[in-house]
Each structure stands twice: as structure tokens, then as C-alpha cells.
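Sequence order for the protein chains is U and W. With our numbering, you'll find the first sequence wraps up at 563, consecutive numbering, no jumps. With our numbering, you'll find the second sequence wraps up at 750, consecutive numbering, no jumps.
Keep in mind that the hints were calculated from the coordinates and are not lab data. Check before you lean on any hint, since a few could be wrong.
[Unchecked claim] Derived CB-CB ranges, DEER-like:
1) U/Ala-407 x W/Thr-560: 55 to 65 Å
2) W/Thr-397 x U/Leu-519: 49 to 59 Å
3) W/Thr-594 x U/Ser-409: 53 to 63 Å
4) W/Pro-60 x U/Trp-516: 40 to 50 Å
The C-beta atom is built at its ideal place from N, Cα and C for all residues, glycine as well.
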Amino acid sequence: MKTHFTINGQAASLDLDPRTTLLDALRERLDLKGSKKGCDHGQCGACTVLVNGQRINACLSLAVTHEGDEITTIEGLAQGEALHPVQAAFLEHDAFQCGYCTPGQICSTIGMLKEAADGWASLATDDLTADTVLTDEEIRERMSGNLCRCSAYPQILAAIRSAGGLA
Amino acid sequence: MSSVKDWAAPTPISENRSGLIGKGVDRYEGRLKVTGSAPFAYEVEAPSPPAYGVLIASPIAKGVVAAADISAAQAAPGVRLVWTPHNVPAQGERGAKMNPRSQRGSNPALAGKIEHFGQHVGFVVADTLENAKAAAALVRFEYAAEPADLIFEDNLAQADQPEGEEDMRVGDFEAAFAGAPVRLDETYVSPLQNHAQMEPCATTAWWDGDHVTVHTSIQMVKGGQHTLAETLMIPSTQVRLVTRYIGGGFGGKGQAYDDLTLAALAARELGQPVKVAYTRQQMFQATIHRPAVHMRVRLGAQADGRLDAFALEAVTHCRREAPFTEHAANFARSLYAAPNRLTGHRLVKLDIPAAGPMRAPGEASGMLSLECAMDELAEKLGLDPIELRLRNEPETDPETGKPFSTRQLVRCMTEGAQRFGWDRRNPKPGQVRDGRWLVGLGMAAAIRGNFLLPAKAGVRIDADGTITLRQGMTDIGTGTYTILAQITAETLGVPLAQVKVELGDSDFPPAPGSGGQFGAATAGSAAFAAGMNLRKALAELATGDPNSPLYGDDPELVTFGGGNIAVDNRAEPLERLVARAAPEGVYVEGSITPAADARDYSQHTYGAHFAEVGVDPDTGEVRLRRMFGVFAAGRILNAKTAMSQITGGMIWGVGTALHEYNEVDPRYGSFIAQDLAGYHVPAHADIVDLSAMFLDEVDDKANPMGIKGVGELGIAGAGAAIANAVYNACGARIRDYPLNPEKVLAALP
Numbered sequence: 397m398k399t400h401f402t403i404n405g406q407a408a409s410l411d412l413d414p415r416t417t418l419l420d421a422l423r424e425r426l427d428l429k430g431s432k433k434g435c436d437h438g439q440c441g442a443c444t445v446l447v448n449g450q451r452i453n454a455c456l457s458l459a460v461t462h463e464g465d466e467i468t469t470i471e472g473l474a475q476g477e478a479l480h481p482v483q484a485a486f487l488e489h490d491a492f493q494c495g496y497c498t499p500g501q502i503c504s505t506i507g508m509l510k511e512a513a514d515g516w517a518s519l520a521t522d523d524l525t526a527d528t529v530l531t532d533e534e535i536r537e538r539m540s541g542n543l544c545r546c547s548a549y550p551q552i553l554a555a556i557r558s559a560g561g562l563a
Numbered sequence: 002m003s004s005v006k007d008w009a010a011p012t013p014i015s016e017n018r019s020g021l022i023g024k025g026v027d028r029y030e031g032r033l034k035v036t037g038s039a040p041f042a043y044e045v046e047a048p049s050p051p052a053y054g055v056l057i058a059s060p061i062a063k064g065v066v067a068a069a070d071i072s073a074a075q076a077a078p079g080v081r082l083v084w085t086p087h088n089v090p091a092q093g094e095r096g097a098k099m100n101p102r103s104q105r106g107s108n109p110a111l112a113g114k115i116e117h118f119g120q121h122v123g124f125v126v127a128d129t130l131e132n133a134k135a136a137a138a139l140v141r142f143e144y145a146a147e148p149a150d151l152i153f154e155d156n157l158a159q160a161d162q163p164e165g166e167e168d169m170r171v172g173d174f175e176a177a178f179a180g181a182p183v184r185l186d187e188t189y190v191s192p193l194q195n196h197a198q199m200e201p202c203a204t205t206a207w208w209d210g211d212h213v214t215v216h217t218s219i220q221m222v223k224g225g226q227h228t229l230a231e232t233l234m235i236p237s238t239q240v241r242l243v244t245r246y247i248g249g250g251f252g253g254k255g256q257a258y259d260d261l262t263l264a265a266l267a268a269r270e271l272g273q274p275v276k277v278a279y280t281r282q283q284m285f286q287a288t289i290h291r292p293a294v295h296m297r298v299r300l301g302a303q304a305d306g307r308l309d310a311f312a313l314e315a316v317t318h319c320r321r322e323a324p325f326t327e328h329a330a331n332f333a334r335s336l337y338a339a340p341n342r343l344t345g346h347r348l349v350k351l352d353i354p355a356a357g358p359m360r361a362p363g364e365a366s367g368m369l370s371l372e373c374a375m376d377e378l379a380e381k382l383g384l385d386p387i388e389l390r391l392r393n394e395p396e397t398d399p400e401t402g403k404p405f406s407t408r409q410l411v412r413c414m415t416e417g418a419q420r421f422g423w424d425r426r427n428p429k430p431g432q433v434r435d436g437r438w439l440v441g442l443g444m445a446a447a448i449r450g451n452f453l454l455p456a457k458a459g460v461r462i463d464a465d466g467t468i469t470l471r472q473g474m475t476d477i478g479t480g481t482y483t484i485l486a487q488i489t490a491e492t493l494g495v496p497l498a499q500v501k502v503e504l505g506d507s508d509f510p511p512a513p514g515s516g517g518q519f520g521a522a523t524a525g526s527a528a529f530a531a532g533m534n535l536r537k538a539l540a541e542l543a544t545g546d547p548n549s550p551l552y553g554d555d556p557e558l559v560t561f562g563g564g565n566i567a568v569d570n571r572a573e574p575l576e577r578l579v580a581r582a583a584p585e586g587v588y589v590e591g592s593i594t595p596a597a598d599a600r601d602y603s604q605h606t607y608g609a610h611f612a613e614v615g616v617d618p619d620t621g622e623v624r625l626r627r628m629f630g631v632f633a634a635g636r637i638l639n640a641k642t643a644m645s646q647i648t649g650g651m652i653w654g655v656g657t658a659l660h661e662y663n664e665v666d667p668r669y670g671s672f673i674a675q676d677l678a679g680y681h682v683p684a685h686a687d688i689v690d691l692s693a694m695f696l697d698e699v700d701d702k703a704n705p706m707g708i709k710g711v712g713e714l715g716i717a718g719a720g721a722a723i724a725n726a727v728y729n730a731c732g733a734r735i736r737d738y739p740l741n742p743e744k745v746l747a748a749l750p
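Okay, chain U solo, but in the shape it has when bound (with noise of 0.2 Å):
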């Protein structure tokens, strides 16, 4: 199935199997290999991906389903040489060691970035009727859908909270 998307602002236009996942889409037909796969099945995070701005697990989604979406990826993020300051941020606090779920979590924190400024509650939000905080415990559970086996949770915390303009 003929179908048109923006990838990292560019135009993109595939002839694709309707079997093929967003996911497998940017990684085996389009070279966009940053966007990881750790379990195809929506568990881990390593493929979250922005869509119109706001973070989906790639795996979990036909690539034919988004026709005319804006899709960013890790790839998208960086300008030239400048990292992006999630990117930066990670970077600085080493918030990753084998670098699998990297991606993933970077792009979950941009995404979650927004859903709070958006004002979107979650689990750990107690007063619904009043302006979103991100206090560590909330940045802990919003980011909770993206695993790291290598554990560098609090590394993570501290680049979101130091990119997020929190520390």
C-alpha cells in the first residue's frame, strides 16, 4: 500500500506491506536504524518515536495506519551538530550504558516533556484541578513504559530533570 508520511521533515512516500510496522518501516525500509527493537511488543520503549508530537511505541503500530503523519525520530533531533538538549543531557549525566533503550528514552522524555506542559496527569499526579509538576517521582512514573536493563535510572532522572530545566 502506497503511503506518504514526514520522517524528521522530510517527505516520505512507501509501497508498503500492510504487515509492516512503523518499527521494522524506519528500520528496514527507510535506513532509519536509532529506533531500537527490545520486545515488538509494546513492553520495553527502545521504539518510541514521536508522532505528531506526541511519543507511540513504533512496534506496536501499522506503518500503513499513519498516512500523513509527521513522525520524528532519534535521528530527527539533532541539528547538524548540535545534540538536542535531551540528547546533551544524557550525554553529560551518562544516563545509559549499553545505549539500547537510548533513543527510546530520549524520545519518551521529549514526548513526556510536552504531555506535561500540556498539562496531561498521571498515576502519580495527586491534585488533578492544579498546574502539572514534574517532581521526581513524577518523571519516574511517566517514565516508566521505557525499561533499562542497564539501570541507569538515576542518571536518566537527572538528565530529564537538568533538560526539562528542572534541576
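Dock chain W against the given chain U, drawing on the hints supplied.
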């Protein structure tokens, strides 16, 4: 052969003139990882577009593949080949060059004889992943199943001494235990656990004539190369194995699996690159795991707490055809003083996937027993748990009598107690409340052995001054690239930016790889030796070059620093020397071997864990509130990456204590949990206020740089500290890990 005495002399590492040793510099490959541009094995660009391989798993635990019908799969769209035990190409016996204790996967790949659930019985290659998956579902198998031994607890009666092993005895344990005024005799259970590395095993393979190149996710370069060569029945020189980036290993990728074998075989058959990845489910069923261990601890003490008698006996399991012993008692041989001692292991052979090493094999499960037993004994004696340990601190190795190379366990405990606020612990359980939570504190000691293996490294300097270190070593997220760059830069007195590190290639000088916490010391010592040899070569080059300001000087007086080579105030940049005197560059190698007298010392890393937990008495939920560790592990090479390693290990301990376990389905021999929804590794919300510190230490008996490993120490004992905190919080003493809500509720007093 060298002696540890050779290692006490000052070196560029101990002098640390540029201050690079110990500095928390950013990860060498960090930029590639945060931009998603570090290619993992499945993502490597092949010379031409690859075909996609998919594995089919056995649904029975034991028996044979009686028949296979591949006709429908072969006729499916895009299919290039379909293999079953009946038509898979011949494969050589593995073993001659393998570690005989290796927990190798099925051999050969797609063997018709089935030894565990999930063993691969079929393989399909197609033009796309979707077509390969669809075709794999069309292969029809018939099995002749046989009775299988699947459940550890049901087979304890067949537990036997592991081949070639004996119990370790000192004094007369039985008599001393019988006569001890205070006794403890308890059994602790550590469950079967899975590595759950984020990157599934994967290989991309292609052939060029009779040479094969494989990019695969493996911790040991040479082991993988030799295994594949034997399987393919070709010399190792015709196999190039590359593993640049590895998405987590933790011991589970120490060996080759079927992705490597079948990608290489299929690429040869098709004359086209082939790539194969395990699914998450296959990672659980068809790699290795940490086996369950039943540990009986017996402690006999005097009223003042001094141990007269100590025993730790561990019963564990392995796959019938792949002997492996989880040495859960070994750590205890060097931990506490007691004149009468017994430690040993028993093994049950089962028809389930192979047991094998997982982060801190032995210590990770073993310390869950003794470190709780010490907590229990302290309560019986009315002693603080730290005081009990202080009273049993040995002056020399309690089993061998050898001197310790270094031992700062006492300082780890006392420093940690002070910083954590241990004096606020109420020794009586169940006394502290915070809202609905019962709050408690617990501690445990940590010990993990230190090792050094033979390794080589090569280093070259080019005419532009670039220094490139090459080694058949791996970085599984541990920071190997980074510390090797720091060692090389400091040894040669150049800025970090002048150094390149290339790893993970069987064409490079060999190193044993990542495992057993020996990586940094082993690979790093070889890199240091190579750097020292390059200094020597450059000193001779400069002092022998009439155009050098150092011409005629004694090479022994040459110094390196600031990117220059110098004698007194005469100096020139390294790149000027090399461009003029050796424009083709200078390449040297270096090597490390264990010192002849290294085993005259008892060598370990040490630590102490402190945990604060909350227990919900209505739901049985346990939440970590705070955790702190103090560790002594030799000279620390990189404050940032070492801290990540040690806290990562502690978080594994949290998972061990509270969440992680797997069980075998008695009907099929499969694991009940076979994905990351069923097998609970710690998630971000589980980890609250967790930190660590290192004590200053240099172990000059360990290696020329005085460093030790930090990759496994952090998990050793960590889970026991949490279990002890749970007891202190609510009075529930649970000896069967993990401490999940149903066990806590049942154990509440």
C-alpha cells in the same frame, strides 16, 4: 613471568599527570548512542541487501522431530530457504577450542534431538521479515515426545556433586556446630532469573569467497569466532567476527547462539547477506538463565558473636547436556572468620534451557542467603548486624590463610552506616510508621572476586598524531571504550581527543572479552602495556633521529606530556616526530599475563549496602525508599561510568529482592514468563533515591594499574539488604526470593 612486585613501581597511570585517570569523562561512544547512530549487529550495513531469517522453536521439552512438512512454507511468497533437522547443512562438532564448561546452545543448530522447550527446530529465510515470519508459521512438525525432568523442586533427590568438585572443609564443622551455644540453621531460595538484555541476540552475516564476516552481539570475540569456525568446518582465519556495540550482555551473551550459526550457513547457501534476530520470547527460552538455588546456611556462634562453625551448601540445576554450576557458596569462603567451615555445591540435571552465568554468578544468589542469615543471627545474639560482622572480620583469608591484597569491608560498613544514618534503625521490627507504610532499614556486606586474564592490545600512532588503540575486546555498556581511551591518553601524555579506540573485531589483538568483572583490569592492563611499549618505541625513534631535539639523549630519560615528547626542556610534538621520522606510523603491541605469585593473595572487591523500604501491611507491597552503597574496588578509572556500573548492579539487587523470578511450566517445560510484561525487571518508578560512593583504593597486587572490576560487585548482597530492611520494617522474615506481596502478606506477624 612477572611478579606482583613488578606492579608496585610508579607508572604514568599512578602519576596521573593529566588527571585523566579517575576523571568522569563522557562515554567515548556516547554521541553515537544518543543520536541513534551506533550500529548494533542487526543494523550493520551489509555489502548488498540482506535476506531475513526467522527461527522456529520446539513446543516440547524432550524427544525428536519425527517429521517436518515444509512444502507450504517453501511455496510462500518471498521464501528463499526453509530448514529443519532433516535438511539443515552439515555442521562440525563444537568443542575442541571451546571452554568445556561452556553452556553452548543446541549443537548442531536445528538438531533433531530436542533437549529443551524452545530449542530451535526450523529456520526460514525470505526477502522480507514479514514474509519470513508468515512462512515460518506454515512449517508443520510432528514430534515424538519423551518424558522429561522439568521441575527443580521435584528432582532434588537426584542432586549430585558436580563433576570434578569437592566440598571445601576446614576444621570439624559438624562437631563445632553441635557444640555452639547459639545456632542458626535456615534454607534460603533464590529463584530462576533471566538476563533480559534490551538487545535480543542478532547476527548479520555475509561471505566473500571462502571467508565469512559476521557482525553479532557477543561478549567474547575469540570464543565466537572459534565456535563458528568449528561449526562451519573452516579455519578460524576464514571467520571474521565483529561486535562493535552490544545492547547489554550480563553474561548471557558470553557464547554463540543459533542466530550466528544459521545466519552464516544461510548466507553461504544463498550467496547473499542474511540477518537473524531472536524474538524476546526466544531470548527467554533459547539462551541461558541464572538457575534457582536452594542454600542451607548453618551458623554456630559463641554468645559474643564469634562464629565457631559456618556452612553454606547450595543445590542448583543445569540443563542435562550442558553442565554448569552456580557456585553460590564460593564467595563465603573469603568473607567471615570461623575456624570450622563447610561449603559445597550439588547439581540437579533437568531437561530445561541451559543454566549459565548471569551478572555476578555465585555471589548474586549466594549472598542472598548468608547476608540474611547474619541478620538473623545478629538478632538472636542481640547484636547490631554490623557489629556481628565486625566481630567476625578475618585478618587473613579465613579458608586459605593467604593475606588479602586489600580489604576495606570494615570501612565500607562503618562509612556507609554513618552516611546512611544507620544509628536511626530500631532493632525491633515493626516499630516505625510513615502513614500507611511500615518503614525499616537493612544492610548487607558485598564481596566479589577479582580476576586477571591474559590479553593483548595493539596501539599505533599516525603521522597526524592520532593514536589508535585496537583490541579484540568488547564494550557491553560497561564503559570499555572510554576507560581504554583514558588509559591510552594518560600513558602517552596526549589529550583524550587525540586517541581513537577500536574494539570488537577478531582481526585485532585478542582479549578475553567482557565477563566476570575482569574486563577493565584485563583489557586495560594490556592497553597500558601497549602504551608503554609505544613510549619506548617513540623514545628510541626520537633519540636516534638527528633531526630531533632529543637526538643522542638517553631513551630512559624521555618523558611524555601535553602531546609532546621531551627530555628536560627540549621537546617536540609527537606528530612532528612521527611525520618526520616514521611517516608510515609506528605500531606496537603489548600484553598482560597474570603474575606468577598473584594467587598468593586473596583478591576481592568489597562493599556494604544500606536500604530503607516501606511495607504496606494491607497489600504486602514493598517499596524501596532509599538505598546507598559504599564500595572498594581498586583504583577507579572513570568516576562517571564506574558509578553507573555500580548503581546499575544495585538496581539489579532491587529486582532480585522484589520482582524477578521465573518458573517452569510443568506441562511443557517452558518458562511461564517469556516477555518483559511477565518478567518484571526494575522500572523507573521502582528506583527511588539510590546512590553509591567508592573508597580510595589502589590494589597493587591486582595488576600494573591497581584497578579492579566494578561490574558485578554492585549486585552482590544488594537484595539481602532489602530483605533485611523488609524484616526490620514489618517482622516478616522471607527466605524465598523475591519478596512479592503474596509472600509478604503470608509472612506478616
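Now the hints, each set against the structure:
1. At roughly 59 Å, the beta-carbon separation of U/Ala-407 and W/Thr-560 lies within the given 55 to 65 Å, and the hint holds.
2. In this structure, W/Thr-397 and U/Leu-519 meet the distance hint of 49 to 59 Å, their C-beta atoms being roughly 53 Å apart.
3. Checked against the hint of 53 to 63 Å, the C-beta distance between W/Thr-594 and U/Ser-409 comes to roughly 59 Å, which is consistent with it.
4. The beta-carbon spacing between W/Pro-60 and U/Trp-516, approximately 43 Å, falls within the hinted interval of 40 to 50 Å.
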